[in-house]
Amino acid sequence: MLGTLNKTELEYCTIYNDVPYVCASLGDKEITLHSTIYLPKECKLKPPLFVWFHGGAFKFGSHNQKMAKRLGRRLSQKGIAVASVQYRLHGKAEDVSDKIASQIDEYQNNRENLIRPGLCEFRSIVAMEDGVSFLGWASDVADRFGWSEKRVIGGSSAGGITACNIAFGARQLGLNAPFIHGVFSCSGGYSYPRYVDPSDNFSVLALHNPNETRVSVDGVRMLKKKLGGKMELLESEAHIHGHCELSPGEPKWQTYERIERFVNKCVN
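Per the UniProt record's numbering, the sequence shown starts with residue 1, numbered consecutively.
The hints are simulated quantities; they were obtained by calculation from the structure and are not laboratory data. A portion of the hints provided could be inaccurate.
As the list claims (entries may be wrong) - With a cut-off of at most 27 Å between alpha-carbon atoms, the simulated DSS-like pairs for lysine-lysine come out as follows:
no., residue 1, residue 2
1, Lys99, Lys7
2, Lys230, Lys78
3, Lys7, Lys66
4, Lys226, Lys252
5, Lys29, Lys150
6, Lys41, Lys99
7, Lys41, Lys150
8, Lys69, Lys252
9, Lys46, Lys7
10, Lys265, Lys150
11, Lys59, Lys99
12, Lys252, Lys66
13, Lys252, Lys150
14, Lys7, Lys41
15, Lys230, Lys46
16, Lys41, Lys69
17, Lys29, Lys78
18, Lys78, Lys99
19, Lys265, Lys66
20, Lys225, Lys78
Just so it is clear, the structure is predicted and the values come from calculations on it, not from any experiment.
Using the sequences plus the hints, can you model the full thing?
If you want it as structure tokens, here you go:
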């Protein structure tokens with residue numbers, strides 16, 4: 001599927017634009033999903049891979065939006081490979097794979113009202129399947145791109161929900177997600193406390209506004225209660241929905257250093 005890749009060379013990284021990683025059904029069509037990859041140069045060791053999922057209520061958004069580009073360029077300068085991942089939008093019941101279709105009712109029966117129901121419907125499960133597919137693909141092509149098997153996943157809003165769904169829900173639906181080393185969530189959350197296992201050996205960092213209306217803080221507060229010291233929850237009434245900055249005016253270096261520090265803590 002890879003073929004000839006469209007790439008952009010920068011001083012500190014190579015950007016692979018819109019690399020195809022899987023074909024998936026959406027309605028009556030078969031579509032190809034892509035990721036844009038930021039690969040650091042001159043690394044002495046194989047870099048870890050930070051996988052990013054964009055926001056947009058599972059209805060809109062792009063893996064090539066400005067936030068993803070900034071993350072890719074900033075973190076690749078620090079020796080971290082970044083992949084910003086496209087996933088299916090507006091997913092419906094018929095778009096779910098046969099592998100998990102029979103298990104969704106039981107999974108949804110264990111949902112609590114922690115984030116609004118519209119963010120826990122089929123479109124979120126379809127996005128989770130795509131995220132798991134990407135992680136499997138990333139393992140398959142690790143030698144091609146030169147990254148290590150160490151993975152941290154993260155996202156903004158719906159992307160943060162997707163990261164949490166992969167970390168805690170994928171295995172409950174029988175999806176074979178590779179081991180992850182950490183989860184970073186901006187305005188994300190999770191609504192299935194039954195499936196959160198405190199013995200999981202990875203860390204979580206979440207940023208959230210306690211007065212958030214689009215994605216309630218309750219989903220990440222539940223995670224913090226369950227995971228204890230394995231999770232850091234940073235709440236700020238100044239936090240803007242979906243942003244990586246904890247508050248407006250936070251220096252950019254501080255924002256990206258926080259993420260860099262978290263990724264390195266997870267993989268070392």
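Hint-by-hint comparison with the structure:
Between the alpha carbons of Lys99 and Lys7 the distance comes to roughly 35 Å, so the proposed pair goes past 27 Å and is violated. Of the supplied pair hints, the one linking Lys230 and Lys78 holds, its CA atoms being roughly 24 Å apart against a limit of 27 Å. The suggested pairing of Lys7 with Lys66 holds, with an alpha-carbon distance near 18 Å, which does not exceed 27 Å. For the hint pairing Lys226 with Lys252, the CA-to-CA distance comes to about 31 Å; that exceeds 27 Å, so the pair is violated.
Simply put, Lys29 and Lys150 have alpha-carbon atoms about 34 Å apart, too far for the 27 Å limit, and the pair is violated. Between the alpha carbons of Lys41 and Lys99 the distance comes to roughly 39 Å, so the proposed pair goes past 27 Å and is violated. At most 27 Å may separate the alpha-carbon atoms for a hinted pair to count; Lys41 and Lys150 meet this at roughly 18 Å. As the CA atoms of Lys69 and Lys252 are separated by approximately 14 Å, the hinted pair is consistent with the 27 Å bound.
Pair hint Lys46 plus Lys7 holds up; C-alpha atoms about 20 Å apart against a cutoff of 27 Å. For the hint linking Lys265 to Lys150, the alpha-carbon distance of about 11 Å falls within 27 Å, and the restraint holds. Taken as a hint, the Lys59 and Lys99 pair is honoured in the structure, with Cα atoms around 24 Å apart against an allowance of 27 Å. Only pairs whose Cα atoms come within 27 Å are accepted, and Lys252 paired with Lys66 is accepted, the gap being roughly 14 Å.
Taking the CA atoms of Lys252 and Lys150, the gap is about 25 Å. The hint holds against a cut of 27 Å. As the CA atoms of Lys7 and Lys41 are separated by approximately 14 Å, the hinted pair is consistent with the 27 Å bound. Straight-line distance between C-alpha atoms of Lys230 and Lys46 comes to about 25 Å, which keeps the hinted pair within the 27 Å bound. Distance restraint check for Lys41 and Lys69: the Cα-Cα separation of roughly 17 Å lies within the 27 Å cut-off, and the hinted pair is therefore satisfied.
Proximity of Lys29 to Lys78 is assessed by CA-CA distance (about 40 Å); at most 27 Å being required, the pair is judged violated. This hinted pair does not check out: Lys78 and Lys99 have alpha carbons roughly 39 Å apart, beyond 27 Å. For the given pair, Lys265 sits about 26 Å from Lys66 by alpha-carbon distance, which is consistent with the 27 Å threshold. Annotation: proposed proximity of Lys225 to Lys78 is violated, straight-line Cα distance about 32 Å (limit 27 Å).
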